[in-house]
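Q: Assemble the whole structure, with the sequences as input and the hints as a guide.
There are 2 protein chains.
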Amino acid sequence: MRRSQLFLKTRHQAPADEEAKNAQLLTKAGYIHKEMAGVYAYLPLGLMVLDNIKQIVREEMNSLGASELIMTNLQAKELWERTDRWDDKKVDVWFKSHLQNGTEVGLAWSHEEPITAMMTNYISSYRDLPAMVYQFQTKLRNELRAKSGIMRGREFVMKDLYSYTPDQAAHDKIYNDVTKAYLRIFDKVGLGDSTYVTFASGGAFTQFSHEFQTITEVGEDTIYLDEEKKMAVNEEVYTDQVLDQLNLDKSKLEKVQAAEVGNIFSFGTTKSDQLGLHFGDEKGEPKPVYLGSYGIGITRLMGVIAEHFADERGLKWPVNVAPMHVYLCRLGDEPEVIKAADEAYEKLQESGVKVLYDDRNVRPGEQFADADLIGLPYRLVVSQKSLEAGGLELKERGQEAAHISELSAVVQTLGKACQA
Amino acid sequence: MRRSQLFLKTRHQAPADEEAKNAQLLTKAGYIHKEMAGVYAYLPLGLMVLDNIKQIVREEMNSLGASELIMTNLQAKELWERTDRWDDKKVDVWFKSHLQNGTEVGLAWSHEEPITAMMTNYISSYRDLPAMVYQFQTKLRNELRAKSGIMRGREFVMKDLYSYTPDQAAHDKIYNDVTKAYLRIFDKVGLGDSTYVTFASGGAFTQFSHEFQTITEVGEDTIYLDEEKKMAVNEEVYTDQVLDQLNLDKSKLEKVQAAEVGNIFSFGTTKSDQLGLHFGDEKGEPKPVYLGSYGIGITRLMGVIAEHFADERGLKWPVNVAPMHVYLCRLGDEPEVIKAADEAYEKLQESGVKVLYDDRNVRPGEQFADADLIGLPYRLVVSQKSLEAGGLELKERGQEAAHISELSAVVQTLGKACQA
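One line per chain: the protein sequences are A and B, in this order.
The numbering used here puts the first residue of the first sequence at 8, with every later residue one more than the last.
The numbering used here puts the first residue of the second sequence at 8, with every later residue one more than the last.
It is worth saying that the hints were derived from the structure and are not from the lab.
None of the hints are false.
As the list makes no split between identical chains, a pair holds if one copy fits it or if it spans any two.
Straight-line C-alpha distance at most 35 Å; calculated DSBU-like pairs for lysine-lysine:
{"no.": "1", "residue 1": "LYS257", "residue 2": "LYS154"}
{"no.": "2", "residue 1": "LYS28", "residue 2": "LYS103"}
{"no.": "3", "residue 1": "LYS180", "residue 2": "LYS294"}
{"no.": "4", "residue 1": "LYS16", "residue 2": "LYS290"}
{"no.": "5", "residue 1": "LYS180", "residue 2": "LYS346"}
{"no.": "6", "residue 1": "LYS61", "residue 2": "LYS187"}
{"no.": "7", "residue 1": "LYS237", "residue 2": "LYS28"}
{"no.": "8", "residue 1": "LYS28", "residue 2": "LYS423"}
{"no.": "9", "residue 1": "LYS84", "residue 2": "LYS28"}
{"no.": "10", "residue 1": "LYS354", "residue 2": "LYS35"}
{"no.": "11", "residue 1": "LYS16", "residue 2": "LYS154"}
{"no.": "12", "residue 1": "LYS97", "residue 2": "LYS154"}
A: Okay, structure coming up:
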C-alpha cells in the first residue's frame, strides 16, 4: 500500500491525558484514536492488526468445529432478570437505555444469557448436541476507571465461544480442546513463551475457572507461577489448600504481574436450568444442557502484544499480527531511485509480502523514525547509495545490522519470512 | 461445509409476531434470530451473506482510494451539542446512557460528528487532502416502530464513507465517483436492474441529496420513476418546479414503492465550520474542509435482496451474495452413494465451489425443502438412481429442469458459474 493513499498520520506526542503505554504508542503511530476514556476508534493500521488477530483466532475456532455468528448489542432485561444479573448491584458494568415506549434495554457486556436463551430454539434433542458457536463482538462495560488504554476499555472487541454439551464428559473434552486451541493462538500471536494457564476462581458449578495470563508489568492481575510446570495460580485462589490440591510447591512459585488475555469457564447446567434449555436424550428424557464459555479479549490482546514487544523507538509487531510486513523507504526522487522502489513494491506484493511504501518524498530521518514507530517487522531502503552498493538495504525491526542485497534476494528472503 | 458440523436448523414456522417477509423467510431458513423487535442476531448463514455483501462494498470503497477504519459505539454528548443534534427533539432516534460518574453518552446512530471531529487531529494542510475513510459499523437507532424485519432495524450494520476535500470541485469529483461505485455495487449484488438514482431532499448546503432506491412493494418510500433515463424523484421533492429543473416529463413518470438501499449527501463546509475542521491552503490561509457522507445499509440490503429474489418455496440468492453455492443432497446411505457424495464434496471445494453437504441421512423431501428454503443457487443430488442414470443431478434454484451429468462435468460447470 502506498503511504500517500493510506489514511495514516503519525504524531510526535501522545495526548497528555493518556497514561497507558499501549495507547500512547498506538496513538503516536496512528493505529488508534481516543474517543473518550476507555473508548478507542481503530484507524486503518489498527484495524488491520485486529483483523489479523481475529483471523488467527477464527481458524482455531473453526478447527474446533465451532460456527461463527454475531449476536446483538441491544439485550432484553427480562433474560438477565431470570439469571439475576440485571441489577446494577449484581453486575456493576451495565450500560442501560430504553426504547421510546419506556422498555428498559441493556447494552451487551456479555452474551451468555441471550445466546443460551436463543439456543432453546435450536436445541431440543441429543441429536442437536454438541453445538459450538462463537462471535467477535463489541462489548460495552461501564468501568468505573479506564486508564489502561486498549487493555481495559469501556468498549472493546471480544471473541466469545460457547459450547453446549449433553453431559460432563462431553463438556470436559471440549474444555480441554479449547485450552489447547488457546495455547496455539497465544503461540501464533507471539506470546506463547510468556502466557500461562492459570487457576482462578470458579463459580457455582466448579471450583476453578482457567485464565490465560501473559506476564507483563502493567498487568492488573497478580499470579503465582511455576515456570517448570508452565502453570500458575491467580492470587484470588492462592491458598495452601489450593497449592496442595494442584500439587504445587510454594517455594518454587514466582509472584508476577500479568494480564488476562483469555479465560475459559464451566457453567455446568446452571444457566440452562435458569433459562430453560433442555434436550431429550436417547430415551426421550428431558435433561439440562452443559454450558462452557470461552473468551479472548481481541483488543486487549492487541494492547498486550503492543506493550510486550515495543522498545524505546516504538512498536514492534510479530509477523503474524503486523498490519503489513515491510516499510519501504524511498530516499530521494531521482528517476532510478523511484524506478527501483516501484519495482521492489510490485515484486514484493506479487510474492505475497505486504508493503507500506513511503512515497511521500520526506527526509530520511522522518521515514526512519516512522518505520520504527509503526513497527513493521522489516525496513527496506532504496536510495542512490544503496543502488550504488548493489541493491536495497534490508533491516529487521529491532536489529541494528542492515544488509544490502539485490531485489531478487530480498524478494526471496521476505517471501519466506512473511508467509502466512 | 458438512451440514452436521454447521450450526443450522431450519424451522417450519416463523414467529407469529413477525410481520416482514424478509424476516419470516430468513428466520425459517436459519439465517437470523430475533432478539427483540428490530434487533436481530445473524446466525452462521446470515453472517456469510453479510460478509459477502461487505466484501463487494469493501472492494469498491478501496478502489476509490478510501481507507477502512472502525469508529466507536459510545459517543460524546459534547460533539453533538456543537452541531445541535444531541437534543431528542432534533434527533428522535437516540439511545442514550451514562457513565458511572453521571456523564451522559450517546450510542452511535450516525458518525458524521465523531469522525469529523477526529479529523481535526489528522487534517491540517492541503497536503492531507483529499482524505476518504469508511467503516462497517453497527448503528443503534431508537425507532418508534420496527416491523420491517432487517430492512429497518433498531440495530443494524451500515457502511459509511466520508470524503474530506479542499473545495467544491474536488468534492464533486468524488461524489460522482462514489455514485458510479454504488451503481456497480448494486449491480454486483443483483439489484442493478431495479435500483435507481433518486433525487431527494438535501440540506443546508445543497438542494438535493441522492438516494439509491430499489423497487419493491414493501419499500417505505414512494418514488416517481423515469425508466428511460434510469432516474427517479422521491415524493418528498416531487413538485412541478423540481421536475422542470431535472428536465423530467411528468406524464412519463411511474409511481412506485421503493426501499432506500444507499444515499449520498453533500454537507459542504457546514460540519467543518461547526466542529473546527480547517486546513491551510498553499498560501497558508485557513479554509474549511468540504464533507461528503455516503451510506449503504448492509443489513437492509440483505433484507431487500432476500425479498426481491424469494419465491413461494423460500430464499433464492444471487451467486455473489449466496452464503454457499451448492446444496449437496445425499439420498440414501449405501456405500457407493456416500462415496460419490463425498467425492463430489471434495472435488467441488477444490475448484473453489462452496458446498453445503447435507450428510444428515434424512429423507429426500426434507432435504429438498431445506435446499429450496435456504436458497443456494444450485442443488446437486447424489442417489442410487442418479448414479444408475450416469452421475449426479444438477438443478438451478428456481428452475424445474434438472440434468444428470458426470462429476467432472458438474465440477466444470459450477467451477465457472461460481467464480468469485
